[in-house]
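Build the full structure now, drawing on both the sequences and the hints.
So for the sequence shown, the working numbering puts the first residue at 7; every next one is plus one.
To be clear, the hints were calculated from the coordinates, so they are not data collected in a lab.
It cannot be assumed that every hint is accurate.
[Stated by the list, open to error] Listed below are the simulated DSBU-like cross-link pairs for lysine-lysine, each with C-alpha atoms no more than 30 Å apart in a straight line: (1) 227 <-> 132; (2) 267 <-> 227; (3) 132 <-> 99; (4) 367 <-> 310; (5) 267 <-> 310; (6) 267 <-> 193; (7) 334 <-> 367; (8) 524 <-> 504; (9) 272 <-> 254; (10) 227 <-> 261; (11) 367 <-> 261; (12) 486 <-> 406; (13) 99 <-> 310; (14) 334 <-> 272; (15) 353 <-> 367; (16) 261 <-> 336; (17) 270 <-> 353; (18) 406 <-> 334; (19) 423 <-> 406; (20) 367 <-> 352.
Because the structure is a prediction, the values reported are computed rather than measured.
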Amino acid sequence: MVVVKRASGSIETRALEGDKPTDATATAEQTGAEAQASAATPTPTPTPRPVTPAPSSPLYEEVQESESFADMFEAQVKDGGAPGRRGVRLGEKVSGTIFQLGADTAFVSLDGSGKSEAMIELRELKDDEGILRFGVGDRLDAHVVEMGARGILLSRALAKGNASMAMLAEARASGMPVEGMVLSVNKGGVEVAIGDMRAFCPISQLDIRFVEKPDQFIGEKLQFRVTEVRDRNVVLSRRSLLEDEQRKLATETRKNLAVGKTVKGKVSGVRDFGVFVDLGGVEGMIPVSELSYTRVGHPSEVVKQGDDVEVEIIRMEEGQPNSSDKAKQKERITLSLRSSQEDPFKKALEELHEGDRLQGKVVRLQPFGAFVELRPGVDGLVHISALSDRRIAHPRDAVKEGEVIWVSIEKIDPNDKRIGLRRISEEEAQRPAEERPAKAATEAKPAQPAAPRPKVGDVVTGKVDRLEPYGVFLAFPGGKGLIPASETGTDRGTDMRKHFSIGQELKVAIIDMDPAGKIRLSIPGAIRAEERAEVEAWQKTQKPVGSGKKGFGTFADLLSKLGK
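Written as structure tokens, this is what we have:
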């Protein structure tokens, strides 16, 4: 007698194969015949029958008779036998290991389900090219879609034959993906067919980023997650599935990301301000300025969505979930595409030198000056003060974008990659080189002493720099100032442009200076100051009375003398 513990966990006792009992009826019929035969024939020596040992399979374990049932029960529980077994539910997500592959089906041993077995169709284990991606011993996660005479049937996504309102409700509760085909685009989303059922997926849930052209998905089979089942209305989301996949990929991708490292990615979106790149579950952005060294009108001129690119990580900023600024709540990774390109500025340093005169195109205007393209990807700056001989309020008063102008290179800073320019006339640009002032001679000249800082009461002479209805701007050694219309000495309502001219010399007095450095001038003030200075000079030439020396005396003394 042996005790047998089966794989299912049940325990039974059974006799050994050599001790199998004979049928009781046959034994009774043969008793008399055996008695007669024994009397006539001598009894032979009995030959011992060999005992067949129990198989060495784990299904058969010989247990000592002295072991109690309680001990066997406790050992059974530790081995995950019947007491720990539970059944699976329809729609439940389960995990298991493939232990056999059939012609169309794979057999899976489920975890934590009393060593239950299930089936899954091989087509669900193949990729888009029809290549089987799973083998014996591989683990997988799936959902229970059928329990019946065939056994337990698994599916990684609810497909056409299994779709029903009950199954969709189960899929929503369990989170099981469903497979559907996009049929059409309607207001706010797309219509999706899941078997004979119809469902709706909003545009915002169709992809991780907003989809501008949803009709590109028409006719494609995609996987969705059921988010709502009400009456016969089924709402789907593809975005939640993609975000789950990205989170898994992002964990591994972040381990390999660092500032200064070059990585590969795929363009996931093109916007006016830059390009989004998927690095593998983690998304970064290339600003327009980092797309190329040359001027870029729109990012679509450089890359297209779906392009594979190689970029350098130039900045990484962790997300701040508690920040009031929504832009800072998410992780931000800044990338550069132009870092892998040759820097045109280095090549330009070999060709351009200070003092060179050349043509360039105005590519951008700023309040402080105009940027001029000298070479593709190499710009210089003409400061607003070097754009015109007259004073201007904005660079657009002298040049416009796209205009080609002559410039002279004033300074090159290789460290900051800056080139300072000065606008020149075509006549000056065509002047022979020998007529240019030598740089060495210019540097040898002693520096001109700085003009004294003006102060209130000074009388200065300057040239008219600009004319406005409210006054005249005058440039003089040491600064610039405004002569208000009321201080020009003209009648009220006089047209300044007709009464004065650009470059005209005027003598003015400084009558006011505010803390910001603005200077207020006056033409009558200069006249009064000169008259006052003349009077003071005359008074100094007169000798005082009563000094002991003979003089003319007072006017009364003169009259008295005349009277005598």
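**OP:** Starting from residue 486, check that the Cα of residue 406 is at most 30 Å away, please.
**Re:** holds (27 Å)
Notebook entry, point to check: Taking 30 Å as the top limit, are the C-alpha atoms of residue 334 and residue 367 close enough?
Noted result: violated (38 Å)
With the threshold set at 30 Å, check whether the alpha-carbon distance from residue 99 to residue 310 stays at or below it. violated (39 Å)
| said: With the threshold set at 30 Å, check whether the alpha-carbon distance from residue 267 to residue 193 stays at or below it. | reply: violated (44 Å)
| Restraint status (C-alpha distance of residue 270 to residue 353 at most 30 Å) | With Cα atoms ~28 Å apart, residue 270 and residue 353 stay inside 30 Å; holds.
Q. Holds or violated: are the alpha carbons of residue 227 and residue 261 at most 30 Å from each other?
A. violated (33 Å)
Checklist entry - Is it true that the CA of residue 423 sits at most 30 Å from the CA of residue 406? => result holds (24 Å)
- Query: Keeping to a limit of 30 Å between CA atoms, is the pair of residue 272 and residue 254 held or broken?
  - Reply: It holds: about 18 Å lies between the C-alpha atoms, which stays within 30 Å.
Q. Between residue 267 and residue 310, does the CA-CA distance stay at or below 30 Å?
A. At roughly 23 Å apart (the allowed maximum being 30 Å), residue 310 and residue 267 satisfy the hint.
Pairwise hint evaluation, residue 132 against residue 227, where the allowed Cα distance is 30 Å at most: Holds, because 15 Å separates the two Cα atoms, which is no more than 30 Å.
Pair hint residue 367 and residue 352, alpha-carbon separation not exceeding 30 Å = holds (20 Å)
### Pair hint residue 406 and residue 334, alpha-carbon separation not exceeding 30 Å
violated (38 Å)
Violated hints, in rising order: 2, 6, 7, 10, 11, 13, 18; the structure is consistent with all others.
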